[in-house]
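Protein chains in written order, with this note's numbering: chain A, 1 to 542; chain B, 1001 to 1348; chain C, 2001 to 2447.
Incorrect hints may have been included.
Only part of the chain B face toward chain C is listed, based on derived beta-carbon distances under 7 Å [unchecked claim]:
hint: 1; residue: His1056
hint: 2; residue: His1060
hint: 3; residue: Thr1061
hint: 4; residue: Thr1062
hint: 5; residue: Leu1065
hint: 6; residue: Met1066
hint: 7; residue: Ala1094
hint: 8; residue: Ala1095
hint: 9; residue: Pro1097
hint: 10; residue: Gly1123
These are computed hints drawn from the structure, not numbers from a lab.
From a predicted model like this one, the values you see are computed outputs, not experimental measurements.
Backbone N, C-alpha and C define an ideal beta-carbon position, used for all residues, glycine too.
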Amino acid sequence: MQSVPIRECPRTIARPDVDAVVGGDGGAKGFVVRTGPVAGWLSLIAPERRPEAALSFAGRSVAIAPAPAEGAMASLGTLIADMWLADARSLRLRTRGGVSGARLVQADGTLHIADAAAGDGEAEAILTLALASPYAPALLLLDTAAGGEIDLLPFPSLLRGGLHAAEALATAGDAAGLPARAAELAARLALPHPRRTLHVAPARLGTEPMADPALARFVADHAECVAEPAAATLSLAADALPTLAALAGPAAGVLEVDPAPGGATWLVRRRTSPALAATTPDRAPPPREDAGASAPAAIHRRHIADEGLDPLLFPLAAASFPGADATAMPIVAILPGGGGADGPLRESLAPLAISPVDLTGDLRPLSALAAEGRPVLFLDRAMLLHDPRVVAALAAMVAVPGIATAGPMILREPAEGDVTAYDRVRSAGLFPTHAAVDAPWRPAVGRVPAAAALLARETYLVAANAPEAVMVAAGALAAHGAESIADPAALAHLMARASAAGLDHAATTWFSVFDRGALARPPLPPAFEAPPRPVTLVRRLL
Amino acid sequence: MSLTFVVSLIQDVAVLAPLVRRAAGRDVAFLVADRLAEQPSAAARVAALVGEAPVHAFDHTTDALMALNGRRGLVILASESRSIHHRPTHALAAALPSRFVSATLQHGYECIGFLHNRAHDLGRADAGFAADIVCGWFAAERMPDVPAADRGKFMTTGSTLFLDEGPADWLDALMAGASAPSHSRTGGLLVCENLQSVRLAGAPRAAFLDALTEVARHRPVTVRPHPAGPFAKGEIAPPPGVKLDGRPVETADLGLYQAAISAPSTVLLDLMRYDVPVAVWRDADHIVDDSLYGTLPRVTTAADWLAFADAAEDAALIERQRAFIRGLGFPADTRGRFDALLAFGETG
Amino acid sequence: MRIAIVTPSAAFAESAGARIRYRRMIEAAAEGVTIELVPIDRIDRTADAYLFSKTYQMAAPAIAYGLAAAGKRVALDVFDDYFSERGDVRLQRFHRWFADMSRAVHRVAVSTPAMKARLDPRLVVPATVIDDPAPTLDPDGLAARLAEKAARLVPGQLNLLWFGIAANPYFAAGLGDLAAFAHALSGEASEADGGRHHLTILTNPHGASEATLAALAAAPVDVTWRSWSEAAEAAALAEADVAVLPVNAGAFSTAKSLNRAVTALAAGTQVLSLGAPLYRPLAPFLYRDLACLRLDAAAGVLRLRPGRVPRLADALARVASPRTAAARLVDLFSDIEPEPRPPHAVVLGDRLEQPALLGASGALTVSAADGLSADIRVGATITVADGVAERLAGSWQGSGAPLPPLSGHGVIDLVRMRARLATLEATARRLLPNHTLFVAHEEILAP
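Please build the complete structure, drawing on both the sequences and the hints.
Right, dumping it as C-alpha cells:
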C-alpha cells in the first residue's frame, strides 16, 4: 500500500538529556505532534474507506488510531479569523497573519490533498483550498513560524456557505460557539455509532438536496435510510436534508431557510395529530420526530416566491376534497360589533344555502349557541368567504375529538409597504410569540404572518385562533362558553379555558377567508398566555 | 491583484474616495448602479471618483455579473445590508462567484449592522451582510450590533474618513495623546441639517427649523444642506441670515468654521477632524436618539445655540471632543489596516 | 393544401418555438403545401387548414370552433404541458382553455410521446406526435468541427455551456435546475488547481431571480455570463466542448422535446444530460456524468465523434426529421373530414382580454347587461341585437335574471362574478339549447 506523506513536523524541542547520551550538535531533537485531530478525522471516515495514518520518524512508524474527536476547529479564532465555503468545492480561510501556507486533506476511498500558499506569511491573507467534498471531514494543516498546527474541520458543511450553516446558526449562535458545537457533534458521530432510521420522502423533481450523491453518501454513512416512513424514527420531506444533530441524537423541528439574498431563517416545530392530518386534502401523515428534542432535525431550503394573490385565495386548486360531506352542518354566526354592512358576507354564503345568524344585541352566554349540538362558525361581519369549501373543512377539523376550535388563513386588504402577496396574510392561527429576532421568549400569543408561507398547505395545532373567523366545536362551546356573546373577549376566554382543560386549537392554510375590514385587528387580551399544550412553534432566527 | 468598487448610493462616493486614492496604481474598475449614474447631480462626483478607470453601469445583478466576466480579486461595497435600501448591493454580493472576495465598509458612525441608534434597533432584521468581510471603524468589542451570523466576518479597518494622509496623521497624533493643532478660523457658525431624515420627523423637525431661524436673526449662519433635504431641493427657502453651502465634504472648507451644530450624524466626525468645536442638537423631548455621542455638548433651544457659538473657542471644549474620539476605539494604524484589506485582492 | 399556423401575436414568429418547430417544417413542406404563420387577430378564411399554437387567449376555442363549423380543418399543437399540474390554481385557466380547445378542434398534435400519453385520456381522437425538427446537418462540416474540437479539448478544464430561458413563472425550470445539478459539474479534485471547468451561461439576463443567482454563486465552476441571442447561441455552441442539459423530473420539464439536445449535437457539442432522462432516444450520443466524458476524451472515443456522424444523421432522421414533421402535419389534416356542426355561442366573463377577437369566430356572444358588449345582454331584462332574435328558443322576452353588479372591490367581485357567470351560462343554455356553448373568462372563480 502506498503511503503519502502529509506533513513534515519540525523538531523544535531542545533535549539536553538526549544530547548527553548520543552527543550531537545540540540542535533540537525533540518534537511535539498533536495527533488528536488526526485520530478524530479518521474516526469520522467510514471504516471501509478509512485510510491508515502513522507518525514515522527515524525509520519507526507509530500508527495513529482513530478515536472520537476531543476538540475541533481550534484554529478558528486564533490563527484563522474566519472560515467559510466560497463555493461547493472551495474552502476559504482568512488568516490573522503568521500563517504562510495551508494544506487540506480529505479521504473518501481516495486521498485528496490541496495546498495554498500565503505570500510572506506575515500579513493577514486569504487562502483558498479545493475540497473533494463539502461534507467529508477535513484535516487542516497550517504552516506557521513556530512549526505549524494540525486542526480538524469535522463538518465543512457547517461553515457559512455550507448546507448545514443554518444549523450552526441555530445551535452554536455565532462563530465563537462553532468549534465547541462541531467538536461535540464530531465526538458523537465517530464511526461506528448507533444509527437512527431515516426516511426521506421520495424525490419528486430530482433537484432536491438529497439527490446530490455526495450528500446522500454522507447521510448514509451516519443513518440507515429506509423506504417506509413507518419504519423510521425520523421522517423528512423530499426537499429537506437532515441536520448533523439529527444524525447524532434526538432532534425535532425544521429550519426553514430562504436562500435568497436578505431571506429569513425560521425554526418551525410543527405539531399535529394523525386524526387531524386525516382531515386535510392531501392526508399527509404527521412527520416523525423525537418528542421534546431541542436541536432541529431538518433543514429545508426554499425560496418563498411571490406567486400573487390567487394561490392564497385558493390554496386547494382541486375541485373537492374527501370528507367534505361527512360532518354536521355548522351554524354560521355574525359577531356583534364592527361597522359596515354584512351584505357581501351573506352573498358569499349563498352558494352553501346558509343563512347566518346575527348576534348583535344577543346577551346570552356563548354556550347557548351549542343547544343544537352543531359547531358554530363565528365571523366578523367584514369577512368574505370567497372559497365556500372552508366551512366544510373547518367543520371536519372540529369534528376530530380533542379539537376545540379551527381557524382558516385570513387575508387582508392591501396596505402601503406590502412587498409580496404573502404580506396580505394577516394570520394563519396564533402562535407563542417572540417580540423580534434576538428578543427573549415571551409567553404571549399573537399573529405570525410569515407562518402562512412557512406552513403553506398544512393543518397544524396552534395556541389559539383569531376570534374574527373561527369555528368552535359544540362541546367546547357548551363547556367553556361562559361569557356573554356581547363581550368582545368572550371567544378569547373560551379558547384559553379550553386549552387549560386539555383541548387543542387547529389552524389550516389549505383554505382562506378574506377580511374587508380594518388592516389591524386588536391582539388577544393580555391575560391570554401561551397554553401548556404542545403547539406549533415558529421562531425567526435570521 | 484587482479591485472592483461598487458605487450604489451618492453617499458611497465620499466613503470610497480615500480608498480609491489609496489603491492608485492597482488594477481598479467600478460598478455603478444605474439609478445613481442617471442622476445628473451625481454624475460629476461619480466621474471624479472614477477617473480613468473602467466603469460599468448595472441595474439587475446579472448586468453586474456580465461586467465582472474575466475579473477576479476584491470587490468593495460602500453600503450593503439586508435593508431594502441596500437591496442591489446585497443581491450582488450574494451572487458573486468564488473567484471574488467581497468586503462591505461601515459607511457612517451610526450604521446598520455595525453601531445602532434606536431607529436601527427597531429595524433589527435589516442588519446583516452578504459580503465575505465586514469592515468596521472600531474594535470588535465596540461594535455590539454586528449580528451573530456575521461576527466571524468582522475586521477592524478604521474609517476612510481617516485614510488620506492629512486626516490619518491627525488621528494617529490624537490617539498618541497630542493636543489639538492650532487653526485659523475665519468662518462663523455652521449648522448641518438633515431635516429629511426619519429621525427628525414630526415635532423635532419643526423645532430645529425654529431654532435655526431664531439664531440666524442674531448672527450669520452657514447651513450645510443635506443633498436629499428640503433646502437642497428648494422646498424651503433659507431663513433670513442663512447662507447655504452645499459643496461636497472634500471641498467644503469645514476647517474654517468657528463652531458647528448638527443633529446626530457622521458629519460631526468630519468636523471634529478639523478640531472645529461641535455640539449635538437634540429636541427637547429626546425623541432624537443621541446616545452614541457621549460627552459632546448638547444644544436644544436657540439660546443654547447662541451660547455655544459664543463660547466655542475654548481649548477645553476641543480637548473634550478629542477625548471622545480617542475613546471610540479607532485602530492604531488606519492606513496599515486598509492596506491589509486591499492586499486581499490577490486572492488565489 | 394551405395551412395557417395561428399564433398568439405577430411577435411569436421570432420566438424559439416558431424558429425551431415551424420554420423548419415550413422549409421542408412538400410541393403543393404552403404553411404560414398568422397571428390570431388577423385570421381570415382563405386557408384550408388551421393549426392553433400557444393561442392561450380565452377567445381562441370559439374561433377554432367557428373555423371548423365553416368546413375548415382545425387542429391544436401542444408542446408545453400546462395541463397536467393540478395543484396550482394559477394554471386553472390553462386547464379550462385546453378542455375547450379540445372540444373545438378536430385533432390535437403534440411534440413528444410523453405529452401524448398525458393528453390522450382527455381526447376523443388520440393525439398525433409531430417531433420538433432538427436543423439541417452538414455531415462533412460537422465531422471537421468535431475533429477540431476534440483536438483542443482539455479534459481537466472543459468548456461547458448552458443556454436557455432563465426561468418559467409557473414551474421550476431554467437556471434553477442548473443550480440544483451544479454538483455534477465539479472537476476532479485531484487535478492541479482543483481542476475546475468553465461554464458559460447564455440566457435572458434579467430573467434570473436573485435567489437563483445566489445559488449559482455556490457552483463549483467558473462562470461567464452572456446575453442570449440566436447568433450568440450559435457562437457559444461552436466554442463549447459540452452542453449541459439539466432536467428536473416535474411534469412540465419531462414533456419537453429533444430539441435542445438536437441543437447541441448538430452543432458538434457533446451533451451532458443530467436529471430526468428526457433525451433517452439520443442515448448513444449522451453523457450522464463528466467523469465518463473525460475518460472518453482522453482515449479519443468521445460519443459524438467524426466517425459517428452518419449514425447521428440516422438518429436525427428518425426522431427529428423536418420532412417527416411536415408530412405528419399534412396527414393530420388530410385525415380530417369536417362535418356539419351546431352553431356556437360564447358567454363572456367580465374580465376577458381581447374580446374583439370573437368577431372573427362567427359565434353569438352573451354577456351581462352591464358587462362587455355582446349580441345578447342579460339582466333584469334581456336585450338582443338585430337579427339574433330568430335564433333564440321559445319566448325569451321577460325571462331576464338580475345579476349582482360589480363593486370594484376585487374579492367581493370574485364572489359576484361567480354568480354572474353561473346565471349567464344557465340563461344561455336556456335561450340557445341547440348551440354549442363556450364560456370565456380570465378570472379564477372557483376551483
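Hints versus structure:
no.	hint	verdict
1	His1056	13 Å, violated
2	His1060	5 Å, holds
3	Thr1061	5 Å, holds
4	Thr1062	4 Å, holds
5	Leu1065	5 Å, holds
6	Met1066	5 Å, holds
7	Ala1094	4 Å, holds
8	Ala1095	4 Å, holds
9	Pro1097	5 Å, holds
10	Gly1123	20 Å, violated
Violated hints for the displayed structure, listed by number in ascending order: 1, 10.
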